[in-house]
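There are 6 protein chains.
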Amino acid sequence: MPSLNSATRDKLKAVSTATLCTALFKRGLRNQFIQDVHPVNTQRDPKAPNMVGEAFTLRYIPAREDLNPITVFQDRAHPQRKAVESCPPGAVFVIDSRKNARAASAGSILVTRLMKRGVAGIVTDGGFRDSPEIAQLPFPAYHQRPSAPTNLTLHQALDIDVPIGCGDVAVWPGDVVVGDGEGVVVVPARIADEIADEALEMTAFEDFVTERVQAGQSILGLYPATDERNREAFAAWRRANGR
Amino acid sequence: MPSLNSATRDKLKAVSTATLCTALFKRGLRNQFIQDVHPVNTQRDPKAPNMVGEAFTLRYIPAREDLNPITVFQDRAHPQRKAVESCPPGAVFVIDSRKNARAASAGSILVTRLMKRGVAGIVTDGGFRDSPEIAQLPFPAYHQRPSAPTNLTLHQALDIDVPIGCGDVAVWPGDVVVGDGEGVVVVPARIADEIADEALEMTAFEDFVTERVQAGQSILGLYPATDERNREAFAAWRRANGR
Amino acid sequence: MPSLNSATRDKLKAVSTATLCTALFKRGLRNQFIQDVHPVNTQRDPKAPNMVGEAFTLRYIPAREDLNPITVFQDRAHPQRKAVESCPPGAVFVIDSRKNARAASAGSILVTRLMKRGVAGIVTDGGFRDSPEIAQLPFPAYHQRPSAPTNLTLHQALDIDVPIGCGDVAVWPGDVVVGDGEGVVVVPARIADEIADEALEMTAFEDFVTERVQAGQSILGLYPATDERNREAFAAWRRANGR
Amino acid sequence: MPSLNSATRDKLKAVSTATLCTALFKRGLRNQFIQDVHPVNTQRDPKAPNMVGEAFTLRYIPAREDLNPITVFQDRAHPQRKAVESCPPGAVFVIDSRKNARAASAGSILVTRLMKRGVAGIVTDGGFRDSPEIAQLPFPAYHQRPSAPTNLTLHQALDIDVPIGCGDVAVWPGDVVVGDGEGVVVVPARIADEIADEALEMTAFEDFVTERVQAGQSILGLYPATDERNREAFAAWRRANGR
Amino acid sequence: MPSLNSATRDKLKAVSTATLCTALFKRGLRNQFIQDVHPVNTQRDPKAPNMVGEAFTLRYIPAREDLNPITVFQDRAHPQRKAVESCPPGAVFVIDSRKNARAASAGSILVTRLMKRGVAGIVTDGGFRDSPEIAQLPFPAYHQRPSAPTNLTLHQALDIDVPIGCGDVAVWPGDVVVGDGEGVVVVPARIADEIADEALEMTAFEDFVTERVQAGQSILGLYPATDERNREAFAAWRRANGR
Amino acid sequence: MPSLNSATRDKLKAVSTATLCTALFKRGLRNQFIQDVHPVNTQRDPKAPNMVGEAFTLRYIPAREDLNPITVFQDRAHPQRKAVESCPPGAVFVIDSRKNARAASAGSILVTRLMKRGVAGIVTDGGFRDSPEIAQLPFPAYHQRPSAPTNLTLHQALDIDVPIGCGDVAVWPGDVVVGDGEGVVVVPARIADEIADEALEMTAFEDFVTERVQAGQSILGLYPATDERNREAFAAWRRANGR
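Residue numbers (my numbering), protein chains in the order written: chain V, 33 to 275; chain C, 33 to 275; chain W, 33 to 275; chain D, 33 to 275; chain F, 33 to 275; chain A, 33 to 275.
Isolated chain V, as found in the complex (with noise of 0.2 Å):
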């Protein structure tokens, strides 16, 4: 896995995924934004930066009864206790639920652990249980919508950092995840410096654009700058603003 270096992490904490998905976009992958995952925290910080990490995933299958009675959390090698155990500090912890929030993916305890341990976030496509807990928690969770019942009613948790899908994206361990107000974006791990970089600069641009156009000024030759001057003041901008 190639390792997230200190700088490109510091850019993705300063990039929507909005402006991360246009990347990719670019290079053809159309397919990277979570779908239908939000923060558990409904009243986040719109100014608190990103979590970001590289992915550390954890496989769901659908449970059988007979295999999941409510001891198999006396086994210590329990997959999801063993995840949440063996996560690095600084990744992303990514639950493969199968988009089924009808049961939890995980609770506040588990959560709180992650967060004690140094780990940058947590998601699943599924939902979360303790969700008013979590929400309060300063660790950055994502679900689809809060949820009860325990994981052993409809999850068995089976395979530890695999490749897995979550919310119709493929992601493979060492990506990079990154989430925002908006939603969670799986950055390829190949390619996470030169997105980080090429995001950075987009957001340059998509900052200067919003100032001129709260300013008042039409988005025709601006957004995208294809009219010269505007490329001009956007240089100028730069210069002033030291971007």
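Just so you know, these hints were derived from the structure itself, not from any lab. Some hints could be false.
Pairs involving identical chains hold if they fit within one copy or between any two copies, as the list cannot separate such chains.
Straight line, CA to CA, 27 Å or less: simulated BS3-like cross-link-like pairs of lysine-lysine [what the hints assert, rightly or not]:
| hint | residue 1 | residue 2 |
| --- | --- | --- |
| 1 | Lys45 | Lys58 |
| 2 | Lys148 | Lys114 |
| 3 | Lys148 | Lys58 |
| 4 | Lys114 | Lys58 |
| 5 | Lys45 | Lys148 |
| 6 | Lys45 | Lys79 |
| 7 | Lys148 | Lys79 |
Fit chains C, W, D, F and A to the given chain V structure using the hints.
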């Protein structure tokens, strides 16, 4: 209908729907959490006590146009209006809207009336109209999503206090309905007392575990407490905290 | 297109979408509430006036990859960009996204431009990107859910100001679009004045009823006012409150 | 319940559900076709007469595990079994399965018993088990899709012959239920006779139009017959064909 | 619109929609198969030639009740009726029904008229009424599922021969529409000739491979023919079979 | 993996998936029927023996565009192709397609190869391409619906013979998969023998009951046989019929 005693009611106000779901799961009841139903007030105080009460039900079927002109409400015996005036104080009013939120299940005037009558809360697997007003009321209300069209558009109120389905859960009159910030769970009347007791015990343990995890302890051997030292620590914690 | 007069506009700013749906229902129009579309700003002030304006529409069809490279936006005549610059001030910009929120309908720069141009609001039955920024703008915006991927991923902008479907509702250019904290309703242009009048009357009555219900009165005979004494009390209330 | 007379029954055997839907639409009834319900026998003879009978209903709610062990069927009063033995000959047995086909509504033995008792047909908005056997029976059966799990898995039989919803349609006991190769329509009891008459007239006209179109005539002025000559031709056709 | 030449038409009659999808995929077109649309005739002869023709489109929006009484069909210029009479012989009539099969897109009389006029086939992403009759016609028709209610219930016919969406696919007038027993694919007009050529070549190879696999050969090295001996065997097979 | 003995295989060929579901239900296994999966051959002979075999699985995740060009199949180790060549004769090939039928899970050439290799059948919770050809093969194949696009469009083949989900059911390698005209059920390997025995007994009883019901007997006391005389009659029937 076994009557809900006040001790059980108080216990159920202080435990989470997630904990209740696990207690029910242990008894083979895997399907008691009402699916895809959420607090109308999305800024609900996470410290607020739960909604707790015995289920009082209203059943809707699809509306046929000729039977549902606006004038039907002139009939004082119309089941929706009659149900609102006859729901016992302390009960939870639960509507079977067939999971259809394309028209409203009820609006703010009826919900206000229920509140004034001392009803404990209201739940529908459809949607409420006047939802911004309902969100402001000091009264628990749960639905799928806001829906402005009058209920006559798609719903015919039919039966009062019969067994119904709500969000894929069986709701029998007198079942104990509990709602928190996560959603709503239905506890069969017959086992409400024992479930309340067990959930209170579980909550003490979960609070203990949360403290330890916040303090940096691993979940292995702690959650569940397969390690003897953790069981001893929990016993000490209970004594120290009077729980 | 019948022009929306300012008296009607003011009335429509002060009534709820729920009340409008009932007034439309009385005229046999049962399907004017845009389904599953919500304010982008989930912390919207419930006292804020409604979004009101005549519909100005944009139609999307599915995007074909070869017709939708990122370079299409260099064309000043691209329908999405052209629509943003030609939507009349005071109108509501309504997008037919075929209920598909897997890619964005538009982002914050275009929405900001609409705001600066004096447009009254924007509605899509898909999703917006940059939704956290849009939520902060003093501008009404309604969508299904946030969606970061660029619209080119799935949407081809095609037609400007033609009749469309939005959230299963027919939207004809010039129809009056009203949005509150609950959602968005479409009032046919031809009957906008009479609907506004009737809804204002209904709102007075509902406010009266709400007061009485808050004061402890039963809804029977009051809502609707089949009891003569309630009709008299309402008349007195109107005089006392100047409504 | 107004009794279905044999003349009306015979007429309804000979007209299509499509024609009936149009006759109902003319009276403002837009929602009488049971959605997403199909003949179990996918090789049904298109010339077979329609299923026609008065609705006899069975209502299911979600099954709770402790109330639905396999042993419940030892009770002769179990509503599913009792309903099968009490449905009147000539009636159509209609089940409200909440559109849930993940477990069966009934199986071939019960369906065979209904057939032998002279019942006119069976409809569920869920699925049947033993569907290959049911498809072979000379008995009309309609469902959403095959479903092998026993009904106890998800369905609790509750009420017999009450108003229900089936495939989003209101079904009142005694309504006239008509099924052809396309699906099932519910005709309110009160207007069954006049709808049957009108549909028979419409069918004669449609047969005439089909003949003309097969002979190469344009539909303009013919369907509907706004052209006087086509009305004359139809009158002549009726005389010639004795209809 | 580039005209579909008869050589290309003949080639497209003899290749499968699956093969065409692969040829389109190689050119970056991943989304040309109309989703969830099936032959009305479920007993279609698998040896029947494909439906092939240029797209002629009809666009529906949601119906508003006051604009869609049954009397609208008395207008000869009603877009649905006008479209049926103006669709060119040899074209495929494609309807954008917004994937809504709860009311019909058209019925047997209009479909028969299209057949008599020499149209090549009809496709909707909604449903047809009179589907048992349509299934008996010697005319290709594709839909989602049968639907008896008149189109006026939910669909307002609006535009003729404009770009539309159908089953999540962009359909531009003049695109070449091909249907077999599996479903319907849309080939952009500009590349129809080259796609037809390539698909014919691919079909020869697939037929060769099928013969070899039926004779017991492994697919490794054969499909695709990475093994030189298989390429030679294919060359020999082509000579022997004149393909 | 416990090996499936031939006696059990033979028994399972002769009982229905409905009967198996009931036997599993009695053991607390409520979720073993693969949801929304149907025989590709819709004209399947209802007398044909069941598909029976041990599960051999293939896991798909969402396809990322850069990892899934058409050239990947040139790799003999591509998991889809390798799986087809390594599935044991007598096994059932089960694919986890995440219930996504928008692109194919496999096509006729691979299915033919499996057939020639002696595999017992194939199941996907997505769709097959070349489905008309597959329907003609003397080989059991089950899917959700036909789907022409190549699997590379949406599916990345990843793992061979690992536990998967298929149609919301857990499938562990070696589980016994049984398919009839209704659909597919998964019997856990450990209990396959006893389930087969019990289902065979149940089938004898159901055949007896069906005969009696066809002869006009009521189901009360017969199904289940709570009436002693019916138990005696069944015993006599068994002797007479050698079962």
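Cross-check of the supplied hints:
no.	hint	result
1	Lys45 to Lys58	within (21 Å within a copy, 36 Å between copies)
2	Lys148 to Lys114	within (15 Å within a copy, 43 Å between copies)
3	Lys148 to Lys58	neither (37 Å within a copy, 29 Å between copies)
4	Lys114 to Lys58	between (38 Å within a copy, 23 Å between copies)
5	Lys45 to Lys148	within (20 Å within a copy, 29 Å between copies)
6	Lys45 to Lys79	within (11 Å within a copy, 32 Å between copies)
7	Lys148 to Lys79	both (23 Å within a copy, 23 Å between copies)
When held up to the earlier numbered hints, the structure conflicts with hint 3 and nothing else.
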